[in-house]
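Starting from the given sequences, assemble the full structure and let the hints guide the process.
Now for the letters of each chain:
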Amino acid sequence: MAVAVANMTTAALDWVSVKFNAPLAGMVVFGVHIHGHLIVEVLLIAVILFQLSRKSYKPPKKPLTEKEIDDLCDEWAPEPLHPPITEEMLSEPPTLESAAGPHTIIDGKEVVNFASANYLGLIGNEKINDSCIGSLEKYGVGSCGPRGFYGTIDVHLDCEARISKFLGTPDSILYSYGISTIFSVIPAFCKKGDIIVADEGVHWAVQNGLYLSRSTIVYFKHNDMSSLKSTLEKVTRGNRRAEKIRRYIVVEAIYQNSGQIAPLDEIIRLKEKYRFRVVLDESHSFGVLGSSGRGLAEHYGVPVEKIDIITAGMGNALATDGGFCTGSVRVVDHQHLCLHFLLVLQLPLLIIWRRIQLFFQN
Amino acid sequence: MVRLPYFTALTTLFSYGLLFAFGQMRDLFRKILDLPKSKKVQGYAPICLGLEDFYTRRLFLRAQDCFGRPIASAPDAWIDVVERYSNDNNKTLHRTSNITKCLNLGSYNYLGFAAADEYCTPRVIESLKQYSPGTCSVRVDGGTTKLHTELEELAARFVGKPAAILFGMGYVTNSAIIPALIAKGGLIISDSLNHNSIVNGARGSGATVRVFQHNTPSHLEEVLREQIAEGQPRTHRPWKKIIVIVEGIYSMEGELCKLPEIIAVCKKYKAYTYLDEAHSIGAIGKTGRGVCELLGVDPADVDIMMGTFTKSFGSCGGYIAASKEIIQYLKHTCPAHLYGTSMSPPAVQQVISAIKVILGEDGSNRGAQKLAQIRDNSNFFRAELHKMGFEVLGDEDSPVMPIMLYNPAKIPAFSRECLKQNVAVVTVAFPATPLLLARARICISASHSREDLMRGLEVLSKVGDLVGIKYFPVESENSHAEAKLKKLD
Chain L
1 MAVAVANMTT AALDWVSVKF NAPLAGMVVF GVHIHGHLIV EVLLIAVILF QLSRKSYKPP
61 KKPLTEKEID DLCDEWAPEP LHPPITEEML SEPPTLESAA GPHTIIDGKE VVNFASANYL
121 GLIGNEKIND SCIGSLEKYG VGSCGPRGFY GTIDVHLDCE ARISKFLGTP DSILYSYGIS
181 TIFSVIPAFC KKGDIIVADE GVHWAVQNGL YLSRSTIVYF KHNDMSSLKS TLEKVTRGNR
241 RAEKIRRYIV VEAIYQNSGQ IAPLDEIIRL KEKYRFRVVL DESHSFGVLG SSGRGLAEHY
301 GVPVEKIDII TAGMGNALAT DGGFCTGSVR VVDHQHLCLH FLLVLQLPLL IIWRRIQLFF
361 QN
Chain Z
363 MVRLPYFTAL TTLFSYGLLF AFGQMRDLFR KILDLPKSKK VQGYAPICLG LEDFYTRRLF
423 LRAQDCFGRP IASAPDAWID VVERYSNDNN KTLHRTSNIT KCLNLGSYNY LGFAAADEYC
483 TPRVIESLKQ YSPGTCSVRV DGGTTKLHTE LEELAARFVG KPAAILFGMG YVTNSAIIPA
543 LIAKGGLIIS DSLNHNSIVN GARGSGATVR VFQHNTPSHL EEVLREQIAE GQPRTHRPWK
603 KIIVIVEGIY SMEGELCKLP EIIAVCKKYK AYTYLDEAHS IGAIGKTGRG VCELLGVDPA
663 DVDIMMGTFT KSFGSCGGYI AASKEIIQYL KHTCPAHLYG TSMSPPAVQQ VISAIKVILG
723 EDGSNRGAQK LAQIRDNSNF FRAELHKMGF EVLGDEDSPV MPIMLYNPAK IPAFSRECLK
783 QNVAVVTVAF PATPLLLARA RICISASHSR EDLMRGLEVL SKVGDLVGIK YFPVESENSH
843 AEAKLKKLD
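As given, the protein sequences belong to chains L and Z, one line each in that order. Numbered by my numbering, the letters in the first sequence go through residues 1 to 362 in order. Numbered by my numbering, the letters in the second sequence go through residues 363 to 851 in order.
The set of hints was computed from the structure by calculation and includes no laboratory data. Fair warning: this is a prediction, and the values are worked out from it, not measured in the lab. One thing to keep in mind: the hints can contain errors.
Here are some chain Z residues pointing at chain L (derived, C-beta under 8 angstroms) [said to hold, decoys possible]:
#1 P432
#2 A436
#3 I441
#4 T462
#5 L465
#6 G468
#7 G496
#8 G504
#9 S677
Ideal placement from N, C-alpha and C gives every residue a C-beta, glycine not left out.
This is the structure in structure tokens:
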């Protein structure tokens, strides 16, 4: 059986080869012999080329019709703007009926105030209140315009000069709201592509500033210098591009969330070794730390030129509103043209001018 | 709308090109001259790379003395501008002790509350003595005084909404509220000429942002339809919510927004509306309640109304007015409320007194007088400027009047010439406006008297002729005189 099949296949193959190699099947074109099998190969190539040249099948694109869009719009139901109100959300904070000094009146009762950040007790100071009244009558309450368009009062400029003189830095600039100071300063200096090494425990305003800056952010363990060192090492090692991009360390002097003090001397040592710039937020330590209230640099005995950018909100020790940022002339100049410090309060600023005078007297 | 003639566009582009070329040449020389000097700070990348602050260093610094002029008095109708001089070609400016009294056409003092007022100031002083100038705490931790709760109720009543919440600064209001209301998965559709604070807030929220053509409700409808049909990018899931953000008066255009049409479109497509009335609250409308009153829109139709107290009320801070539930939710979650220092009590008292004056609750009709005055002043001034041939933007009744300058050289020229004649104006250029469309912006106040306005017009006309910004033909008096003569004949 198998032998018969084998014989038949060989017979068939012989017949095919004879036919193809027969003199009729062969042709002579331009002196070249073309055998029969070449014709099959040419036909095959022609079929392949034909298939390749045809367009592949794609289902046709149908844009939505007007009626379909109408239907989709009718069907769509938005979420409500606010989630359901819970019991927690209904609680109201206590309402004060007198100044937020060490003793205050709530609901007719006199209570001791442990909630206000009135570190130097400047609320209710007679001298300050009198000078405020004087400035109120002269300048009014608001400045009715951004710094660039006649909103700069000469007292603001005096205030900036006083702050720089007090802290020992070349120049400073005022902002109009405490928390917006830090979240305007960080995006002004850190752009996309820069590296920021920040402490884990920084407060919301700093975190917002870091988010708005769109730089690469690496966090280190809260107030842990060995973690900072290893993070700096990791970020700079093997990174040849690190020389060209700007690098910052962002820390707070006294952390709002945990109350710890940052070890400035360690940080400065690490910063000089790895060539980073330091951004220090002194909201809670200005007027508090140091023998004359000049902040963390005085507390640790570090020359203030070593810190590149110092920011502070004045809502704490200085009992007013607003913030400032000091540093070298280049740093402050750069901020003049980043339009974040828009409208400025006058009234409280005159207060702090007087306060810094008081510092000098003390 | 701004119609930029071809010839002006060409000359402006040529001017900017020339300034750019000069700036590049100077940078080149600076690089060559600095080459032998070694780098001052080794290993630290520069704060600003070469091209990032090119505009600031080479173009803005040339006209720096026109911006940031310090004043030595309250920003009332007449202000004392402090003179400054520069020894190094405008790079640093030093103050002198000379003061010039100038007519103030630049501050946002719409109702004249900037200076000491007979009703407001005594009450502010009283509140200062009672509550001290600062609270030193955040709202939730003991920064809420009776004044704050009173102002929240009063602001809500003034605007026509059930409840309101206060913030210490207007800019922060927008940047902190928008992320609290909408997050990733939502859509924000904002007008193309919205203020920087809204843009920042929208970016900070994480939601997708789409822009519609300035003040064009039909384009808004197109964008809404397209976006609802498509859904979120890439996943095509339906949007969680859509918020449309518009402003009452656009500060760089002086235009009112087409509120009734926009509200109608938003209602049809179930989108929420957010109205920023920073410039319009207190300044327009028959009783000063803003653009809703002027255009006849019911405040209940707008979901969230935002405003600031800096412009018309002469104080500081901002507010959001919406339904009770939204305000309760915001008080609980908004970071600016939870972490930001509360408004200074005297500033709060100033706003309370100002609103009482406007509403007439102080027992006089000074509020109504002020509102009528500012409307008359704005309309008169605008009509006169049109007659003189200036290209003035903005709608009727709006106290903000931009005058087109276009060429970069005219900006400092206009500003300096006006100052020489004792008129203080504000000029705005890139990046607050598009590059080719620089302008001078006039803000009229209720405390300007008719003589002040006439003086201002006289000076503007003279300076306009000198600088060459009267782009439109002058409607001359001669044509009126001829018509009269014809009648007599």
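The hints, checked one at a time:
{"no.": "1", "hint": "P432", "result": "4 angstroms, holds"}
{"no.": "2", "hint": "A436", "result": "4 angstroms, holds"}
{"no.": "3", "hint": "I441", "result": "7 angstroms, holds"}
{"no.": "4", "hint": "T462", "result": "13 angstroms, violated"}
{"no.": "5", "hint": "L465", "result": "12 angstroms, violated"}
{"no.": "6", "hint": "G468", "result": "5 angstroms, holds"}
{"no.": "7", "hint": "G496", "result": "4 angstroms, holds"}
{"no.": "8", "hint": "G504", "result": "4 angstroms, holds"}
{"no.": "9", "hint": "S677", "result": "5 angstroms, holds"}
The structure shown violates the earlier hints numbered 4, 5.
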